[in-house]
Each structure stands twice: as C-alpha cells, then as structure tokens.
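Asker: My request is simple: use the sequences and hints to build the entire structure.
Sequence order for the protein chains is E and R. The first sequence begins at 35 in this note's numbering and counts up one residue at a time. The second sequence begins at 2 in this note's numbering and counts up one residue at a time.
FYI, nobody ran anything at the bench for these hints, they're computed from the structure. Keep in mind that this is a model prediction, so the values were computed, not measured. All C-beta atoms in this analysis are idealised placements derived from N, C-alpha and C, irrespective of residue type, glycine included. Just so you know, not all the hints are guaranteed correct.
Unchecked claim - Derived Cβ-Cβ restraints for the label pairs, each shown as a range:
no., chain 1, residue 1, chain 2, residue 2, range
1, R, Gln440, E, Asn102, 47 to 57 Å
2, E, Gln42, R, Ser214, 49 to 59 Å
3, R, Gln440, E, Leu100, 46 to 56 Å
4, R, Val24, E, Gly215, 50 to 60 Å
What the hints assert, rightly or not - Pulled a few chain R residues facing chain E out of the computed Cβ check, cut under 10 Å:
no., residue
5, Lys11
6, Glu153
7, Asn154
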Amino acid sequence: MISIQNVQKSFGGTKAINGLNLSVRPGQIYGLLGPNGAGKSTTISLLLGLLAPDSGKVELDGKEVLPNLKTLQKITGYIPENVSLYPYLTAKENLEYFCKLSGIIYSKIELKNILIKSGLEENAIERRMETYSKGMRQKVGIAIALAKKARIYLLDEPASGLDPTSSSQLTTLLKSLSAEGATILMVSHDLFRVGETCDQIGILKQGELIKDIKTEGLTSIELEKIYLDFMHNKTSES
Amino acid sequence: MRQIIFNEWKSITRDRTIFFVVVLFLLSLGFVTYSNILKNRVQIESHHVAHNHIRSQWDNMEPTNPHGAAHFGTFAFKPVSILSSIDEGINSVTGNVLQLEGHTQNELTYSEATQSLNISKFGKLKPSLLLQMVIPLFLIFISFNAVSKEKENERIRILLQQGISLKQLVLSKSLAYWVVGLLLLSFTILVQFIFSAQNLDRDILLRLILLFSAYSIYYFIIVSLSVYLSSRLNNQTGALAGMVSVWIIWTILIPKLTGNFAEKVYPLPSRIDFVNAMREDRSKGIDGHSPSNEREEELKKTILTKYEVDSLSQLPINFDGLVMQADEEYGNMVWDKHFGNNYNILLEQKKLQQLSGFLNPFSALQNLSMGSSGSDLYHHLAFLEDVETYRRGFIKELNDKHAYGGSKTGEWDWKADQEFFRSIADYSYISPSFDTIYQSYFFDFLWLWLWIGLVLGLIFFTKISDITI
Numbered sequence: 035m036i037s038i039q040n041v042q043k044s045f046g047g048t049k050a051i052n053g054l055n056l057s058v059r060p061g062q063i064y065g066l067l068g069p070n071g072a073g074k075s076t077t078i079s080l081l082l083g084l085l086a087p088d089s090g091k092v093e094l095d096g097k098e099v100l101p102n103l104k105t106l107q108k109i110t111g112y113i114p115e116n117v118s119l120y121p122y123l124t125a126k127e128n129l130e131y132f133c134k135l136s137g138i139i140y141s142k143i144e145l146k147n148i149l150i151k152s153g154l155e156e157n158a159i160e161r162r163m164e165t166y167s168k169g170m171r172q173k174v175g176i177a178i179a180l181a182k183k184a185r186i187y188l189l190d191e192p193a194s195g196l197d198p199t200s201s202s203q204l205t206t207l208l209k210s211l212s213a214e215g216a217t218i219l220m221v222s223h224d225l226f227r228v229g230e231t232c233d234q235i236g237i238l239k240q241g242e243l244i245k246d247i248k249t250e251g252l253t254s255i256e257l258e259k260i261y262l263d264f265m266h267n268k269t270s271e272s
Numbered sequence: 002m003r004q005i006i007f008n009e010w011k012s013i014t015r016d017r018t019i020f021f022v023v024v025l026f027l028l029s030l031g032f033v034t035y036s037n038i039l040k041n042r043v044q045i046e047s048h049h050v051a052h053n054h055i056r057s058q059w060d061n062m063e064p065t066n067p068h069g070a071a072h073f074g075t076f077a078f079k080p081v082s083i084l085s086s087i088d089e090g091i092n093s094v095t096g097n098v099l100q101l102e103g104h105t106q107n108e109l110t111y112s113e114a115t116q117s118l119n120i121s122k123f124g125k126l127k128p129s130l131l132l133q134m135v136i137p138l139f140l141i142f143i144s145f146n147a148v149s150k151e152k153e154n155e156r157i158r159i160l161l162q163q164g165i166s167l168k169q170l171v172l173s174k175s176l177a178y179w180v181v182g183l184l185l186l187s188f189t190i191l192v193q194f195i196f197s198a199q200n201l202d203r204d205i206l207l208r209l210i211l212l213f214s215a216y217s218i219y220y221f222i223i224v225s226l227s228v229y230l231s232s233r234l235n236n237q238t239g240a241l242a243g244m245v246s247v248w249i250i251w252t253i254l255i256p257k258l259t260g261n262f263a264e265k266v267y268p269l270p271s272r273i274d275f276v277n278a279m280r281e282d283r284s285k286g287i288d289g290h291s292p293s294n295e296r297e298e299e300l301k302k303t304i305l306t307k308y309e310v311d312s313l314s315q316l317p318i319n320f321d322g323l324v325m326q327a328d329e330e331y332g333n334m335v336w337d338k339h340f341g342n343n344y345n346i347l348l349e350q351k352k353l354q355q356l357s358g359f360l361n362p363f364s365a366l367q368n369l370s371m372g373s374s375g376s377d378l379y380h381h382l383a384f385l386e387d388v389e390t391y392r393r394g395f396i397k398e399l400n401d402k403h404a405y406g407g408s409k410t411g412e413w414d415w416k417a418d419q420e421f422f423r424s425i426a427d428y429s430y431i432s433p434s435f436d437t438i439y440q441s442y443f444f445d446f447l448w449l450w451l452w453i454g455l456v457l458g459l460i461f462f463t464k465i466s467d468i469t470i
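Answerer: Here you go:
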C-alpha cells in the first residue's frame, strides 16, 4: 500500500509538491503522469525517504516512511530513470553486489535466472556493463528491483531506453507482479506505456494531482487527449 | 560495509590507470627507500672510516704539547639514524661533522644542502617526500569522487535503497581507499625492514611502529575527509577543488605561515649580532664585567696564594694550563649563554610549530615522521649537547695535563707522551631512546587522533537530508 496524504514540499520558495493526496493499493499499478517539474521525481524521492515532507504523511505498507526506512527498504524495489551501475562489473556481478548490500545471497544460477526474467539476453550476462546499451542497463536495474522480491515497486521512467519489445516485456512483467499482489507506482512521460501498463493514472501539475483516471477501456488516443486537455486548459479537477 | 570495500577495490584493480599508478608508486617507493638505505650505509661507512682514521691519528700521535693537541683536536660525526633513509628531516641542512678543539666551539659542517644546489633548491627525493606529499595527493585523486560520482549518476539512490546508510557508504569507501594508502606505506616500511634487518632492535622497531601509525592515521584523515566532502558537495569538480585546497592549505600554506609566525614570536639573533656578542662576552666578560685580563690576574693571585709562592716561576705546576682551562670554562659559560639562548629559541619555535598540529594534521605528521626517524630538532640538539659535553671533558683533560703533567709555566715545548693521548676516551654517542621521543611528540599524536575523531564525527552525523541527491 502506498499512501500520500496532504503532502507539501518546497525547495527554497518553490513549491514542488502542493497538498498531494495519492493512494495505491496492493495489486494495483498506478501511473503518475505530468510535465517536467510537475513533482513526479520529488514524489518518488519522498517515498524512497530521500526527502522529508514539509507537512503531511508519506506511508508505505501502512508505516510512515522516514521513521521506518530500514524496514521499508527491505520490501521496496526501485528503478531509476537512468540505471547507471558499475561499468567495470558484469551484469551478474552488479546484481550480486546490490543483492548482497540488501543482505540477500543468491546462487550464480539464481542470479542468471533473475537477469533473464528481467529481459536480458543470456549471452550478455557475463559481459562488463561498460559495453551495455541504455536499455540493457535498464533491464539490470529491473533485475535488482526484482531480486529483492519486493511488495512495493517505485519506478521512475522504467521503460526509458527500452526498445518496444522490451517495453512490452516490462509491461507483462509488472502485470504479473501486480497479479501476485505487488503495489506499483510508475512515473512516466510515456502515455502509451502508462496506458498499457497501469490500472489507474494520476496527472500531476505543479505539485498537485489534477486528475485521477481509471484506464480500463481507455485507448491511448483518448488518454493523450485527456492529458493534453488537462495540461492546457484545466487547473484543478479530480 | 565489506561488500562496498571489496567493490571499491575491484574498481581500482579493474581501472588500468589507477592500477598502474599504484604499481608505479610501489616501485618508486621501493626504489627510493632502497637507494636511500644504500646511501645511508655509505654515509655510515664513510663516517666509520673517517672516525677510525682520526682516532688512529690520535692514538699514534707523537709526543706533543697538550695545548698543540687541543688545537689539533678531533672530529665528531653526527650518527646517521637508520630510519633517516625514510625521513631525513633537518639533517640535510644541519651538516654532520663537527670539529672539536680548544678555545672555540665550532658548528656542524658538510651539510648536503650547502654542497648541492639541487638539494638546497628542491630538497631530496626521500620516501618521506612521497609519503607526505605525493601519496596523500594520489589518495585525494582516487577518492574525491567516491560519493559524488554515485550522486551524479544517481546510483546512490539504488545503493541507499538496498538499506545501507550514507555514513556506511562514506565510511566503507574511506576504508577502501585508506587501504590503498596503507599498501603503499606498508611496502615502504617493509623495504626498510628487510634491508635494515641486521640493525633492528627494540628502539628501531618502536620507531617504525610510531612512523607507521602516524602515516596511517594521516592517510585515514585525508581519505575520509575527501570521501566526506565528496558526499557533501554537489559535483565532482567541487569535491576535487575542495580537497586539493585542503591539501595546499595543510601542506604548503599553514606550515609556511606557522614557520614565519614562530620566527616572529621567537626571533633568532642575526649571525653577525650573535658572533659579535659571543666575542664581546668572551673578551670583555659576560655583560661587560670581568674582562679576560682581569680574570687572569685574579686567577694568578689565587694560585700563588694557594701554593704559597711569590711568582709563577716558583709554581710546581704549569700556570698556562690553568689559564687556558679557566678561559675555556669562561668560554663555556659564554657558549651556554648564547647557544643556550639560541637552542631555547629553536625549541620554542618547534613547540609552537608542534601546536599547529591542532589546526593542521600535516604538521603533526611531519613532526612525528622526523621524530621517529631520529632526524628532528630534538635529536639534533641532543647530539650537539652531548658532543659539547665531550669536548669540554676532552679539552679539560688536555689542559690539566698541560698544567699538572710535570711542566712549568712558560714551557710550551713540553710534550705529553703517546700513552696519554691514547688514554683519552674516544667519542661515542647514543641517540635518545624512543621513550624520550614519545614524550616529545605526545601532543602531535594526540592532534592526529583528535582529527580522526573530528572526521569520524562528521561522517557519523551525516544524514541523507544534508546532501542533495
């Protein structure tokens, strides 16, 4: 369960988040859309405990994030927009390293299977990541999140750099995770991918959630129209 | 933490540039240490040969007038500490040979700085130069972006999400890079250890331990501060500029400022003033009282009264010997006054400089390095005091022989036999022990520990909210 209640966050005199309310229940994939500077990444940072809210409550799994950070980190997987892992390590070594930091030990076979599950080609697993494309690095980032067997996933542009096939595989993977009961919050600019993947979408503008939409039965074109309408015309509606 | 440390080591060993630079430093340190050990051996050997030659001249001296022998004098060689191959300290400028003779107290001569333009301009390539200046700079270059690069590519978000704290990250990375410094340091100490094995005793071992500890602590301070700044500053350029500035301030600026300040607060007299004041006191008497002719007249009266005779020719002894010894003793008082004053000033300057370790751990390191290598001011003054004590005994023995050896006043051609000259003890010197040094440098060691405490404090109180991710 992800819950953001009446959260305010400012940097200097600029309000990045302005009374945000958001709730994602287990088994749901929630997409957060918005232009640059809307507060999407700040929302993710608040959920990761990298930032403290000025006011309001940020909760994961029913617990406030900052006081319970250590416990919550164990059940939270995170994929950043740019997965920049250690170039001098192979994908498997990177995955093994991050797993060990989390206190999880996998066998070589298990590590390989996680990487394959995240969409990486088998022949790339033992190669140093300095030779990887952005999409391949992104897949290793997905593998790191998956390896934690998290109950909550926070994804910041997870499909960034992925080719259409890999993006589609990501959608399938996320849906299977949500079917297993995972709570997923996905921040993106990619209306099509969000529409394909998420059950529900929120549109964020100037730190406020201005629209909350269910995606069931909604085509990509309809979603784009709604999004653009709200960006250009409407100021607040939810 | 162990995982982060291993990962940093992997990054070093898999980065060819850093790996080759580490290997290059190891080779340089090995070569410089070994070549200085060889040079030390040559110097020890040449001192030994020269000493034996001078002693044999003394032992085989034809019957001579003791006063003539006092002018012939002898030489004392400042012993070369085994560990001065690591840190030569002030030895390259102080000289290492002292002529011991009557009437006058000479200064050490044959310093390498006065004999070599290169050394006087650039100093010598000693392991201490690499260990104090170059290695810390290298450690800064490999650690300045330890956390800032994680921040710049946002990897820090994934790292923190794995459940590690920022302080764990900073501390682990600090330890990882510190080990690189330890590797270079250990290699130097090992080379020294192996090639000086035949001369190792408890004292040298303790000094090596102190030397190793001081450099280890300093490296930890440098590395952990570098990694800490890397976590606090927003970009890699800022982190590098910040740490290089710290290096410049610690290594160049503060030592120069402290030196100048110490000279202002405790100024040494100019050489001309010093020499003139000595000459004046010796001829006219200390502070203008009791000039030499009056002193001689007084001594004459005392001796004639003591021996109950009317003239010097009636004395059963040689009055000239007594006059020379009295003049010598007066000269010693003048020497004690002026050189003692200079030594006190030098000691005060040194103490002030040692206090600066509170602000600058590099000063504390330099002091401990020179102190444990036996090449500092304390060792230098201890030698000068010891050799002056020997000189006084040596000249007194010659003057006493002149006075009481059987000659009469005015018999300048009277000669003491070879046996007498052989009986005069040779000069030998034992350097101050480790315990003395440890006491002198207690505060320097304390400053380094305080700096460790300060840096660890900074790391332990670092919170994610303090940094921009």
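Asker: Return the numbers of the hints above that this structure violates; sort them in rising order.
Answerer: none
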